[in-house]
Amino acid sequence: MVSKKIKNIPEDVPLNQLLSHNYGDRRDSYREDNVVANVLDRVGNGKKNEKLVQKKIGRKREAPQEVKAAPVIKDTPDANFHDNSEKKKRNKRVKKESEQQREEESGLKLEKEVNGNSYASELVSRASAVVEKVKKEGVDIEREKQDSASAQGARRKEKDSWKEVGTSEEEGEPEEEEEEDYRWWGRDNREDEDDTIKWTTLSHNGVLFPPEYVPHNKPILYKGKEIYLSPKAEEVATFFAQKFATEYVKKPQFRKNFWEDFQHHLSSDEKKKLKSLDDIDFSPIYQHLEAQKNAKKALTSAEKKAIREAEQEKVKKYTVAMVDGKEEKVGNFRVEPPGLFLGRGEHPLMGKVKKRIMPEDITINIGEDAPVPECPIPGHQWGQVIHNNKVTWLAGWKDSITGGYKYVWLSAGSRFKGQSDQQKYEKARKLKNHIDDIRKDYTKGLESDSLEERQRSTALYFIDRLALRVGNEKDEDEADTVGCCSLRVEHITLRDPNVVEFDFLGKDSIRYVNTVTVDRPVFHNLKEFIRNKKPQDEIFDKLTVQGLNDHLKTLMPGLSAKVFRTYNASITLDRLLNERRFDSEDLNNKLTFYNQANKEVAILCNHQRTLPVSHEQQMQRLQSKLDEALEWLHELEHALKKAKHGKKDSVEVAQYVKPKANLRNDMTQLEREAEKKRVAELPRERKVLQVKASSLSSKIEKAEQRVEKIRLDMSMKEELKNVALGTSKINYLDPRITVAWCKKNQVPIEKIFSKTLLTKFLWSMESSEDFCF
DNA sequence: ATCATGACTTAGCAATTTTTGT
DNA sequence: ACAAAAATTGCTAAGTCATGAT
Numbered sequence: 001m002v003s004k005k006i007k008n009i010p011e012d013v014p015l016n017q018l019l020s021h022n023y024g025d026r027r028d029s030y031r032e033d034n035v036v037a038n039v040l041d042r043v044g045n046g047k048k049n050e051k052l053v054q055k056k057i058g059r060k061r062e063a064p065q066e067v068k069a070a071p072v073i074k075d076t077p078d079a080n081f082h083d084n085s086e087k088k089k090r091n092k093r094v095k096k097e098s099e100q101q102r103e104e105e106s107g108l109k110l111e112k113e114v115n116g117n118s119y120a121s122e123l124v125s126r127a128s129a130v131v132e133k134v135k136k137e138g139v140d141i142e143r144e145k146q147d148s149a150s151a152q153g154a155r156r157k158e159k160d161s162w163k164e165v166g167t168s169e170e171e172g173e174p175e176e177e178e179e180e181d182y183r184w185w186g187r188d189n190r191e192d193e194d195d196t197i198k199w200t201t202l203s204h205n206g207v208l209f210p211p212e213y214v215p216h217n218k219p220i221l222y223k224g225k226e227i228y229l230s231p232k233a234e235e236v237a238t239f240f241a242q243k244f245a246t247e248y249v250k251k252p253q254f255r256k257n258f259w260e261d262f263q264h265h266l267s268s269d270e271k272k273k274l275k276s277l278d279d280i281d282f283s284p285i286y287q288h289l290e291a292q293k294n295a296k297k298a299l300t301s302a303e304k305k306a307i308r309e310a311e312q313e314k315v316k317k318y319t320v321a322m323v324d325g326k327e328e329k330v331g332n333f334r335v336e337p338p339g340l341f342l343g344r345g346e347h348p349l350m351g352k353v354k355k356r357i358m359p360e361d362i363t364i365n366i367g368e369d370a371p372v373p374e375c376p377i378p379g380h381q382w383g384q385v386i387h388n389n390k391v392t393w394l395a396g397w398k399d400s401i402t403g404g405y406k407y408v409w410l411s412a413g414s415r416f417k418g419q420s421d422q423q424k425y426e427k428a429r430k431l432k433n434h435i436d437d438i439r440k441d442y443t444k445g446l447e448s449d450s451l452e453e454r455q456r457s458t459a460l461y462f463i464d465r466l467a468l469r470v471g472n473e474k475d476e477d478e479a480d481t482v483g484c485c486s487l488r489v490e491h492i493t494l495r496d497p498n499v500v501e502f503d504f505l506g507k508d509s510i511r512y513v514n515t516v517t518v519d520r521p522v523f524h525n526l527k528e529f530i531r532n533k534k535p536q537d538e539i540f541d542k543l544t545v546q547g548l549n550d551h552l553k554t555l556m557p558g559l560s561a562k563v564f565r566t567y568n569a570s571i572t573l574d575r576l577l578n579e580r581r582f583d584s585e586d587l588n589n590k591l592t593f594y595n596q597a598n599k600e601v602a603i604l605c606n607h608q609r610t611l612p613v614s615h616e617q618q619m620q621r622l623q624s625k626l627d628e629a630l631e632w633l634h635e636l637e638h639a640l641k642k643a644k645h646g647k648k649d650s651v652e653v654a655q656y657v658k659p660k661a662n663l664r665n666d667m668t669q670l671e672r673e674a675e676k677k678r679v680a681e682l683p684r685e686r687k688v689l690q691v692k693a694s695s696l697s698s699k700i701e702k703a704e705q706r707v708e709k710i711r712l713d714m715s716m717k718e719e720l721k722n723v724a725l726g727t728s729k730i731n732y733l734d735p736r737i738t739v740a741w742c743k744k745n746q747v748p749i750e751k752i753f754s755k756t757l758l759t760k761f762l763w764s765m766e767s768s769e770d771f772c773f
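Those letters in the first sequence? Residues 1 to 773, by full-length UniProt numbering.
Accuracy of the hints is not assured; some may be wrong.
To be verified - Okay, derived cross-link-like pairs now, DSS-like style, lysine-lysine, Cα gap no bigger than 25 Å in a straight line: (1) Lys243 x Lys354; (2) Lys644 x Lys699; (3) Lys417 x Lys275.
As the list claims (entries may be wrong) - What follows is a set of in silico ranges between Cβ atoms, one per label pair, in the way DEER data are often shown: (4) Pro337 x Thr200: 27 to 37 Å; (5) Glu652 x Glu701: 33 to 43 Å; (6) Lys293 x Asp541: 48 to 58 Å; (7) Trp393 x Glu718: 38 to 48 Å; (8) Gln242 x Lys440: 47 to 57 Å; (9) Ser400 x Glu346: 38 to 48 Å.
Honestly, the hints are just simulated from the structure, not real lab data. All of these numbers come straight from a predicted model, not from anything done at the bench. Positions of the beta carbon are idealized from the N, C-alpha and C atoms, including for glycine.
The task is simple: from the sequences and hints, build the whole structure.
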């Protein structure tokens, strides 16, 4: 079944587009797992597949059809977005004749070239039809399925019809050029290439603004009295109500900041009435928000789907940009909505009102020749339109809280992001060749005559050994967190003879606690650095981040402090994964092994997560599951003893089962809940089973396995309860290590990389199983 | 030399979607 | 079939680091 579906995805959808959704909305017709399976089929885990990929990717393609043969391209609402050369590019994706024949023979000619735009407009009408239906009569799911089925049929017909037409438009053009067009990672990246110029042509549709505020006319209570606010004030009050159920609203800092900003949004009349935040009760608005949430939840799945589709249609034009003639996905095309600023940790600015961004606040960056995106809010215009091809952002604005810039970027699967990601890992690999010298350098520097050098070397020791961040200076209006260079005396405790205890808040106010035995000179230095200093004084007072990085540049070109984190994370994974080779073991064992290695890295980098609220409850549940499994095992063992003495074929085994709830169709939701609750409190019932004596040993074996599995689950859960594996996977581990390991050990890559990660790391998929970091 | 700015990567948490277990 | 749990994605805050201004 799966393989059939895989074949339904046209082969000529380029690999990266298949993953990055750049093939228009056709993806809606493919299930995601088929997309993944298809990609894997192309990329391959084994040698056989590799050849297949070579054949597919390296093959010469036949000349494309004429534009008129593909009616789908013309006259889309955003047709101006694609210039002629882009149309040509799209039309290039045509199959080789022999392949066409082969497929026709096997009856798989249906899903060939589909033009995204025609399909898109088809979707528009489909979606709007569904939306209409929802409005009028609600949606009948079965009916909807039929609709989409017939739409598919129509598409097939359409495709078949243009197969007949179409002659070559670009005969003689070298084919590799097109392939290279998107497979940037196949190219030799020439060292002399000017990498300050990021693009030559760039066009996009701008950004998507959040919907305008619609007043709900729910009051607040001031000293118990209803007060209806002006829309402007009501909006800000609603921001606060949104945080009603969080801890934030209790924090004095949050309340102080909010109250200050709230007053700026009150009319003079309102200002006179509202004297103190403590006297304001936002619960009518909060209740309104909850009611809205519930109403949304109560929609049928068909309604939800219809809404989703309509939304996707609205958003569609913002999702892609054209960069150097190639379509790329845009990452964060939505402008951040207004609301209350929530920092991490004890942020001095928490509770401030983040203002609504208007077109005038936005700078659009496009190519000189590209059409200026239409400003979507009538009566307004873009703040600025610039043509800066030395940067990769598409649009940006200044954040009203932090004063920093916010940018709209391409997605992680884009060339811009992919190339620099690859470069990051290449730089880290280069560090491998210099690391011995660098370690020698700072080891020697620990005992230098210069205080500055001793501090620098000591700091570098920690950055290398403990993977600490460099730690830039921070402002007064930011949370008080530190990294290596900004460590203060209060953050470490020295224990003779040579143990250092760290305890400080790092990035995102995540606590770093570690006890480390260090080399004697390091310990000696630290003692010296903190002598006669106050707890709030910096340990490395003679050291700056700039100075540290400048020095690193002398040891290796392009080296900076953060490279050590990448290097140490990746080299650790590489080492751990190569400690064991799997042959034909259970896939789960392999995955556990990988996760174990991943975990080591996450701990090294101090990647944490707050433990899920229900963690304790879940552990308890597992514990009782374990108890029951053990009980069952004991009963079986007991029965086995009995069976050995007795001569009967079958023995009695006691089993304790939970009574089942009696749920009838005529019960209301509440009655069902009550019944479930009642049953849950009942003691378990003892049942006696007749078990064949001959089957006892296999039952015991199964029970033992189950006990083992639960025990493993429990210890894994406990171990990983506040470790975040994702961060290192996304940012620190060279994906080629994982790809190579998967190929060596016959592990499907999608067991380790999610769809987004497969997309992001597409450039690494073809690396050889011999790859070594 | 120092500071501020700008561009880009890294980060955890919330919301949403998928999988699992009963 | 349903709820609970797990996995994934979306969001945006919070870092790093080079460069340009003072």
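Hint check results:
Proximity of Lys243 to Lys354 is assessed by CA-CA distance (about 14 Å); at most 25 Å being required, the pair is judged to hold. Distance restraint check for Lys644 and Lys699: the Cα-Cα separation of roughly 16 Å lies within the 25 Å cut-off, and the hinted pair is therefore satisfied. Between Lys417 and Lys275 the CA atoms are separated by roughly 50 Å; this puts the pair beyond 25 Å, and the hint is violated. At roughly 34 Å, the beta carbons of Pro337 and Thr200 sit within the given window of 27 to 37 Å.
The given range of 33 to 43 Å is broken by Glu652 and Glu701, whose C-beta atoms sit roughly 20 Å from each other. In this structure the supplied range 48 to 58 Å holds for Lys293 paired with Asp541, their Cβ-Cβ distance being about 52 Å. With their beta carbons about 43 Å apart, Trp393 and Glu718 fall inside the hinted range of 38 to 48 Å. The hinted range of 47 to 57 Å is satisfied by Gln242 and Lys440, whose Cβ atoms lie roughly 56 Å apart.
With their beta carbons about 21 Å apart, Ser400 and Glu346 fall outside the hinted range of 38 to 48 Å.
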